Structures are given as C-alpha cells and as structure tokens.
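**Student:** These are the residues of each chain, in order.
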Amino acid sequence: LGERGDEGVGVAEGVTAAGAPAEIYRSYLREGKLGFQRCRGCRSAVFYPRVLCPVCGSVSLAWEESGGRGTVYATTAVYHRDHEPHNVVLVDLEEGFRMMSRIEDVPAEEVEVGMSVAFDVREEDGEPVAVFVPVTETGER
Amino acid sequence: MSLRGGAAVVGVAESDLGEVGGGFTPLDLIGQATSRALEDAGLEKEDVDGLFSASAYYHMPTLSVGEYLGIRPRYSDATNMGGSSFVSHLFHAASAIEAGLCEVALIAYGSTQRSASGRLVSGSEALPYEAPYEPRYPVSAYALAASRHMYEYGTTREQLAEVAVAAREWAKLNPKAFMRDDLSVEDVIGSRMVSSPLSVLDCCLVTDGGGAALVTSAERARDLARPPVYLLGAGEAHWHRNISQMPDLTTSAAAESGPRAYEMAGLGPSDMDVVVLYDAFTINTVLFLEDLGFCEKGEGGPFVSGGRISPGGKLVVNTNGGGLSYNHPGMYGLLLIVEAVRQLRGECGERQVADANTALVHGNGGVLSSQVTAILGSEEAL
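From first to last, the protein sequence lines are chains A and B. When the letters of the first sequence are read in order and numbered with my numbering, they come out as residues 1 to 141. When the letters of the second sequence are read in order and numbered with my numbering, they come out as residues 1 to 382.
Because the hints were derived from the structure by calculation, they are not lab data. Computed from a predicted model, the values in this text were never measured in an experiment. Hints are not guaranteed to be accurate.
So the derived list for chain B, only partly shown, Cβ under 7 Å to chain A, looks like this [as the list claims (entries may be wrong)]:
no., residue
1, L63
2, P132
3, Y133
4, R136
5, Y137
6, S147
7, R148
8, V185
9, I189
10, M193
Even glycine gets a Cβ: it sits at the ideal position worked out from N, Cα and C.
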C-alpha cells in the first residue's frame, strides 16, 4: 500500500500507473482496509477519491489507510413496509474526512449522533462495502 | 451594472394541479400553463423569444417545450439544479433581458408524477460512495440534516411538525391546495415514519402540476395587462450535490444566496412582506429561515412554533400552503414565483397579505444542494 500511495494519482501518468480513484478505493476495501486521499499541497483529507484536491486544486494526492475510528455525524433509519428499518449514517473519520455508511450490530433507530464507531468490511453481492460498528470510547467493540 | 428593477414578471399561471388523470403529459400541462400565463400578461406566443425550462422527464427540456408550444427562441436556457432551477431561470432571464439577448422570456414546467406513478420522478444518479447504503432519495438526505440540527440545537419533532401545521393552516385559505383538512402536531408525529426523524407528513406532496411565468423588461412591462412585479435582487449558490459532501448539514448555501439577493435589492429580511420558501420537507423551512436571516442559526425550531408562521403569525411564510399542503409536482420552484407574484398583485383572496410590496422567493434543489433566492417587489418597492 505504501508503494501505491507513493505513486499518487495526481498526474496523467500517475492515473495510468495507479489506476482510477474508484478502483484504488475498492482495492483497499478488498484487503479489509479503508483508503482515503491526503492532499500533498494543503494536507486536506479527501473523500470520495478524485484526481484533484477539491480544497486547493492540487493534483498531487497521496493514498493513506484510515485508522477506521470515527464518530456518527448524522443518522437516519429508513423504514420499509415489509421489513425492519435500515440505518444510514454520515461518519466523521478521525483523519478529517466524512463518508456515508451504516452502523452494524445495533437496531437502526438506536444509532445516535455522537456515537463512537469503528470501520469494518462486509461483502455484498461479491463487492466489499465499508460499514461501521459501535465501540466504547476506549475502542472496545 | 445591477439587475435591480430591470426586469419584471408580467404573467403567471398554474396548469391544472393535483391529479390531472391518466394520459396527460408534462408537456400538456406546460401548454395549459403557458396559454394561461400569456393571457394573464396580455402577450402573444409570438412575443416570446427566450425559453427557460428544466425537467425530470425531458432530457433536452427547452427543445421539447419549444417544439410543443411552437416557440423558436433566440435565447434558450435549460439549467437544471433541481427544484430551485426556475428561480434560477428568473435570475438568468433578467440577466439575458438586461443584456438585450431576449425581450420576453417564458419559464415553464410541468409534471404528471402523481397520475403516472404516484412517486417522485427523478433523473438523479446514485453516487457509488452512497448507493450501497440505500438512502431513500431524497428524503434520507433531509432526514440526516434534521438529525444533526436536532443534535446541535435541540430542535424537536414537535417543532418540525409545527411547520407542516402552519402550511396546512395557510392551505385551508387556498382553494387550489391539495390538502385542506385539519392537521395537528400530533397527527404529524403519529404519521408513518419514512426516514427518521421525518414521517410522511414531514414530506411534501406528490402531485401533478405545472406553471409558467413570463418575464420582460421593466419598460415593456409597464405597457402590459397586469401590474409588473419587479425582480429587485437575486443570488444563487451551491456547495455540493450529494448529502455526504455537504460541509455542515445545519447550514445550507442559502446563507450565501440570500445575502447576494439582499445586497442587490438593497433590502434585508426585516423588509420582506411575504416569504415563499421551498418546503420539500419540514426541516427546509427551519433551515432557510435561519440561513436567510429571519432568525439566528439554531433558533428555527422555536421560531416556527406557536403559530408564528401560521396565518396571523409573526412572519408570513408560504401563503399557498407550500409543497407540504398545496402542491408539489416533483420540482416546485416555479410555483413559488407564481404565489409571490399573486401576493404582490393582491390577487390572493382569503390568504392575501395586506399591503404586500416585497416578497422573498427561495428555491432549493437536489439534497439541500442548490439554493437560489430572488426578491420581488411591486412598483412601490422599486
């Protein structure tokens, strides 16, 4: 992963060498890891993955692996006529980026804003999907 | 160069609304509304040389509308940023008129979503980084914003419900409103949950409907049938498309579009006689009242409570009953303009606001994504 990070995706040859941002993100997930980009120019954490920094415009973006620790920023339970509601959240990761996900192992309505969560991966229809599980403040699942 | 007062809305109309019945197309409703708006203005179809439209049905909306109506515009603008597009079209039309690129602009919209499917028709694509989590588009995005507003400011479901109740009280005064029966805070909170904390009565209606607005230069407007309603100010802003990319879920880009419009108009929130906000969901009204300066950030919940935005309340908001109780045909922005113009022309019957000379129209599009504010005024406000 370090090698891949060094290549970046910022310049034309980098894109060719490292692959499309969405593909790199997926390859991290397949290895059970949450990848995001860090701008080499302004140090902003960038998510979703792109070919330029939406803060400063730099095309020099390095891939990093997130520690996977975050806090629920917003939450909703989506209701269905024929089965239990499912949860959709926005999670703020400690590295400074936000992503949509869901919280596993807890009923949809019991997810709360401010809850500490940790990254995990689930496979759905053959594709890895980033999810989160509740943790205590000391990090225990 | 300022656009202030350079252009005016000279004709407005709704198409048939509510549920028009099977077989009608969105273009049929656009045809109805256009014909009525031309009659309202005392203009002929041949006078129209600028065409503005957005649609979830037609990939190239101004082409489809122009063809159906038999209009060959010299200026064509199909800007689509969701439900706010038509307020943006008003802004863009005034700019084009000021620049001499067209003289009479038609802004038109129609939808048959209720008769066709009963569901919101949306051409929105799913973001691959959101799709796996199956948010219900667009309600879950607004629900996420509501959850954050509740967390940061203690806003309650009761306060959100007050928005729906106020809209219903206004709708009772509007014969064209789709929902006019009694509604209580308890009814809203007890209704079927859709995407928490928003229940079905926190959500706008799904109706058929359309509208048309005609815009021309202030000079030409003075010779027409109806009193001109001048565009005094306008501003637009957007910061994101997808809800996961919205920087702060409790502050929309209305915090920029509003000040831009106020600055152009030389007016502020306290000068507004009528406020017409895009209330796709109850949280919208709370957010936009804050972002547009009618109350402090975080105070929207208390501000809308106790009947303060109901008929006879402190601030006149959404006199037609809004998207929540009047009509919401997929994209609602054009109907905001229709109501503001009618209030400023004094045509609103039971719900008419006395001495209304200024109106703020605020359009929202996507998932709190695009925000467009326009300030309209009567001759007296010029």
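**Student:** Now tell me if each hint is right for this structure.
**Tutor:** Hint-by-hint comparison with the structure:
Among the interface hints, the one on L63/B is violated; its C-beta lies about 32 Å from the nearest C-beta in chain A, farther than the 7 Å criterion. The beta carbon of P132/B comes within 5 Å of a beta carbon in chain A, closer than 7 Å, and the hint placing it at the interface holds. A hinted interface residue such as Y133/B counts as satisfied when its beta carbon comes closer than 7 Å to some beta carbon of chain A; here the least separation is about 5 Å, so the hint holds. Checking R136/B against chain A by beta carbon gives a least distance of about 5 Å; that is within 7 Å, so the hint holds.
Proximity of Y137/B to chain A is violated relative to the hint, the smallest CB-CB distance being about 11 Å (cut-off 7 Å). Contact between S147/B and chain A, as hinted, is supported at the beta carbon level, the nearest pair being about 5 Å apart and thus within 7 Å. Proximity of R148/B to chain A holds as hinted, the smallest CB-CB distance being about 4 Å (cut-off 7 Å). Annotation: V185/B was flagged as interfacial toward chain A, and the flag is violated, the nearest CB pair being 20 Å apart, outside 7 Å.
For I189/B, the suggested interface contact is broken, since its CB lies about 15 Å from the closest CB of chain A, more than 7 Å. With 7 Å as the threshold, the beta carbon of M193/B comes within range of chain A, its nearest partner Cβ sitting at about 5 Å, so the hint holds.
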